[in-house]
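Chains as they are written, first to last, in the working numbering: chain A, 1 to 205; chain B, 1 to 147; chain C, 1 to 146.
There's no promise every hint is true.
To be verified - Label pairs and their in silico Cβ distance ranges:
no. : chain 1 : residue 1 : chain 2 : residue 2 : range
1   : C       : 129       : A       : 12        : 32 to 40 Å
2   : C       : 67        : B       : 111       : 16 to 24 Å
3   : A       : 122       : C       : 68        : 35 to 43 Å
4   : C       : 77        : B       : 58        : 54 to 62 Å
5   : C       : 45        : A       : 85        : 26 to 34 Å
6   : A       : 122       : C       : 5         : 13 to 21 Å
7   : A       : 35        : B       : 62        : 49 to 57 Å
8   : C       : 68        : A       : 12        : 51 to 59 Å
9   : A       : 102       : C       : 77        : 45 to 53 Å
10  : B       : 25        : A       : 124       : 32 to 40 Å
11  : A       : 30        : B       : 75        : 55 to 63 Å
It is worth saying that the hints were derived from the structure and are not from the lab. Every value quoted in this text rests on a predicted model; they were computed, and no experiment measured them. The C-beta atom is built at its ideal place from N, Cα and C for all residues, glycine as well.
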Amino acid sequence: MEISFPVFIETSINIILFAMLVATAFAITRIDRLFAVVMLSGVFSMLSALLFVTLDAVDVAITEAAVGAGVSTVLMLSTIALTERSEQKSHRPELIPLLVCFVTGAALIYGTLDFPNFGDPSAPAHAHVGGDYLVRSIKEIDVPNVVTSILASYRGFDTLGEVAVVFTAGIGVLMLISGLGRRRSDEDAALVEETIENQGIEEDA
Amino acid sequence: MHYHHLILRVITKLLVGTIMLFAFYVQFHGDFSPGGGFQAGVIMAAAFILYGIVFGLYAVQVVFPPWLVHKVMALGVLIYAGVGVYSMMLGYAFLDYNAFDPGHPSHGQHNGILVIEFGVGVTVTGVMIAIYYAFAGRFPQISDEDW
Amino acid sequence: MLDFIAGHANYWLFIVLMMTGLYIVVAKGNLVKKIVGLNIFQTAVFMLYISSAKVAGGTAPIFPTDSKGYIKTDGIDQIIYSNPLPHVLILTAIVVGVATTALGLALTVRIREEFGTIEEENLVEIEQSLTRADNKAHGEAMGGMA
């Protein structure tokens, strides 16, 4: 079996990065201090962004670097500033979750046995619409970045839905913790008290 | 607070503008290189969040007040959906950008993609900043010395 | 056989990653840590998708352009590109992921304010005692135990 040099390098970089990711994930499992956990999750995001670059997904990599290492780390830090610094020791048995994970993992690995090899050009994933986009995008959209042309044009409706989801999640956060909802409930409480008082007056009368 | 972290404050002042410029680059060069509305929105929000972390929430809310952020969140979705409605009004399908330049469909596509990516960027910027304001506006349970 | 292992090692490592995330979600009681675990799980799923997009010897799906920004069409057939479709799906999923993470963290903050703890065990205890108190107060009226 012949493996060419670039493919060998690429595969080894992939596997090294994956191994580092797994090590970071294990460290996150073991550490109790939440500050360290959050920082490690930033490291995890950065490593996965690197992995996405080696897997040719540059658009995904730039997103993951900005979102995972930037914004979500800040959000988690502000959360632990608002809550607690470290995790309590759990008294639950650790064996059952471990067992569940092993069984699920084994089932998933059994599932991958049918997969085409990594990087196989004749894999079913490349057979249908993916290659079609690459061919037609030149004529129809004329935008060099095919990811943009699919995101914004071929699957524009899909993206509209995603933007709506982001918007909705933002509204949800505002409702939960920005105090916009609290003002309303204070007014409600005042209204309830008022009603009770009025009823009391009516009963007296 | 204001007498501490001199280096951080100077570097932040230098960086905020650069980060915003990079966000605009990622936004409007997204057709040619990696990037687009989602990434640019997050990067733009990161500039404001950095400013807020270093100079305090009050300083950043003077620049970008919360009521404006809430409007901006909705504005992006409206821009996006508005492009779709506009193409319907021109007699084409929803979000069919060929409508904008029927003689030269790929130009129409370019314009449509540019506008909707801008809408995406605006919404994502707004949502990320709004979420940051919501978290940072709460009273912290852990004091600064405890870190 | 070696070919098979080299071709599938990526998938197996991502499953290990995914199960680490699942373990954190199931076994750890701290809500912030659970959300970190969910993020790890989610990233592992992203990696599966992106792995399936990869074509050996391929490059990122961005066409070469000339100095004016037009696509250079000559010789474009010789270049192998990875499949752009999974990239699009995952790109949007990442941003939606951070928005939902923020929602989860906001819930955590509210839970802490309401109950004074973000440990699952304590929360369950508080919930149970609240339910018992509720039962005592209103159980009879609701037709349950008093």
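Structure-based check of each hint:
| no. | hint | verdict |
| --- | --- | --- |
| 1 | C/129 / A/12: 32 to 40 Å | violated (56 Å) |
| 2 | C/67 / B/111: 16 to 24 Å | holds (22 Å) |
| 3 | A/122 / C/68: 35 to 43 Å | holds (36 Å) |
| 4 | C/77 / B/58: 54 to 62 Å | holds (58 Å) |
| 5 | C/45 / A/85: 26 to 34 Å | holds (30 Å) |
| 6 | A/122 / C/5: 13 to 21 Å | holds (20 Å) |
| 7 | A/35 / B/62: 49 to 57 Å | violated (30 Å) |
| 8 | C/68 / A/12: 51 to 59 Å | violated (39 Å) |
| 9 | A/102 / C/77: 45 to 53 Å | holds (47 Å) |
| 10 | B/25 / A/124: 32 to 40 Å | holds (37 Å) |
| 11 | A/30 / B/75: 55 to 63 Å | violated (45 Å) |
The structure shown violates the earlier hints numbered 1, 7, 8 and 11.
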